[in-house]
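2 protein chains.
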Amino acid sequence: MHVDELETPVVTVDLDILETNIAGLQAHLDAHGIANRPHIKTHKIPEIAQMQVKQGAIGITCQKLGEAEVMAKAGIQDIFLPYNIIGEKKLARLVALTRTCRMSVTSDSEIVVRGLSAAMAQAGLTLSVLVECDTGMQRCGVQSPAEAAKLAKVIAESPGLHFGGLMTYPSSERANLFFQETRKLLEADGISVERTSGGSTNTIQLAQTFDEITEHRAGEYIYGDRYQIDCDAMKVEDCSLKVIVTVVSRPTENRGIIDGGSKTLSSDVFKTPGHGLILEYPEAVIYSQSEEHGHVDFSACERKPEIGERLSIIPNHCCPVTNLFDQVVGIRKGEVELVWQVACRGLVQ
Amino acid sequence: MHVDELETPVVTVDLDILETNIAGLQAHLDAHGIANRPHIKTHKIPEIAQMQVKQGAIGITCQKLGEAEVMAKAGIQDIFLPYNIIGEKKLARLVALTRTCRMSVTSDSEIVVRGLSAAMAQAGLTLSVLVECDTGMQRCGVQSPAEAAKLAKVIAESPGLHFGGLMTYPSSERANLFFQETRKLLEADGISVERTSGGSTNTIQLAQTFDEITEHRAGEYIYGDRYQIDCDAMKVEDCSLKVIVTVVSRPTENRGIIDGGSKTLSSDVFKTPGHGLILEYPEAVIYSQSEEHGHVDFSACERKPEIGERLSIIPNHCCPVTNLFDQVVGIRKGEVELVWQVACRGLVQ
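Quick mapping for you: the protein sequence lines, in order, are chains Y and L. Each step along the first sequence adds one to the number in the numbering used here, with nothing skipped, and position 172 is 172. Each step along the second sequence adds one to the number in the numbering used here, with nothing skipped, and position 258 is 258.
Since the hints were derived computationally from the structure, they do not count as laboratory data. None of these values were measured; they are calculated from a predicted model. There could be a bad hint or two in this list.
Identical chains blur together in the list; that is why a pair holds if it fits in one copy or across any two.
[Stated by the list, open to error] Quick list of in silico lysine-lysine cross-link-like pairs, DSS-like style, CA-CA up to 27 Å: (1) Lys184 with Lys89; (2) Lys89 with Lys333; (3) Lys271 with Lys235.
Same shape as in the complex, but just chain Y (with noise of 0.2 Å):
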């Protein structure tokens, strides 16, 4: 079946320029050294997390227990969940997902330190568990390199935990320095960091001049979006996803409205007005939405659209807009090879 036999509002994968970009940050990962531990928050398809690990990623990072029974069931040998993992329920499902495959995960307290260590310690298990650090996106982590090292230390001498190292988001300079610091404090202490885990696809260029930062977390890279147009980190014809949208009314001379609104696109917005890059008419603006209709500004484009087009879009967030299908379809050279099931979406926890 050609893309344009689709129903729409649906969403695309251009399955070359896919693999094109699992490919090339693994290439530019393995010429500096650095591991390469891609976020699946992105796609939530264990399809493609296979084929990110097939590439040579060295396991996946998941952001939610669900994510991660998902992505574990699916046979991925290696789970990262940089989370805060509190309560009963929850540990116990830790503590299951620890027994099928290589499990770590991050902290930033000694209350969330002591539950895991409580629960690894009674199932008679080992977890990984490094210690989230906010470097300044001002989310979790301790606030202070001594914070750091104080924290591994707990952990460290925690029964059925193993101090796994340091983690931030994003990489920066910033970071890089504080991971340096927080080493030198524990060196001295005669424990040593052997994983620092930072990331982002808008520094992926810049990675291999983070010297500290020995792995890499990144999402979006696989299917791009206008955030990671709009900071230069990835151009118009590496962005993979693409959602098709059709103009079902032209009430106006300059206004045309699509069957995607923010239950299709998100309304996620960064710095750029509007809801996404329409790839045909560029100058357009989606500049409101409802929930199932796009209100687009024409009125700088030369031509205007008809009733009934069909116009694709790369939107502001790829992340947001996966999570709202429980579909995505592959294509490649124009014609669908195959339809994936978004299996992580919708879980409760």
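Could you slot chain L onto chain Y? The hints should help.
For chain L alone, coordinates are given in the frame of chain Y:
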């Protein structure tokens, strides 16, 4: 099971409040002789649609074909799909639906009307088509009463179609005048307007003041959200939907990180800053989100939460939130009573 035993993040619905909201809207519209046609995009759950119809709704409103198909299969007899249905495959699905239940749709252009007419006439069916009118929202819709009357006549004269009336969103004084003027134009030509459909949750209390609008479509009234609270349309105690999350990190004195981010609360924002109202800490601000984390500023709160504490959040916009989960959990007096599948979510089209 008590609600406190559920793993987080989880979307819960208080069933007592839900039932009160369903009964309340019905009683208000009944008292004023206005037809109730609730919009199911908010919940996407056949069981709730059945509750709405049992309470007296004349039918439901859906926003996409996939939703209508799920609802028709669940036994809903009267479905309004205010959408321009375009393309052979979608028209074939609409024909199939029209054979199984009382369908009506909208159109705002002759090209869409021609497609509907050809499909219905060929199938030997008659479909009710309303004219969608843009009364200020700048989405779909004809731009003037003259255009509306013109398109109504085209529908009335088209094989396989029946002119079903006028539709707009939301109800307003301007909509009322638009409908009045269109009705006069059509009556002069001997065409009667049998049904006029308006809507929105925050105009429920005003519905009886728009005497040209015979049918009301409301969606969010069943769940409520921060937007409706900000509009003074609903109170906190009217909100049946709450997202329960856990504090997983307290990196600084004032910062707390919760286990719900943009893939739980959605990225929809309205006038009030932040990504939801935390009931236990109403002064707190969810100032930003990553996909599985919400970043909260507790500086305005006298007491700050501990790691592991559970919080109840009224999200900014309830519709995209339930769309992100495969299940919502029905609670009565703190105990889990049922789990509903969000049956219409994730559908490709």
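Right, here's what the structure says about each hint:
{"no.": "1", "hint": "Lys184 with Lys89", "verdict": "neither (37 Å within a copy, 64 Å between copies)"}
{"no.": "2", "hint": "Lys89 with Lys333", "verdict": "between (46 Å within a copy, 23 Å between copies)"}
{"no.": "3", "hint": "Lys271 with Lys235", "verdict": "within (17 Å within a copy, 34 Å between copies)"}
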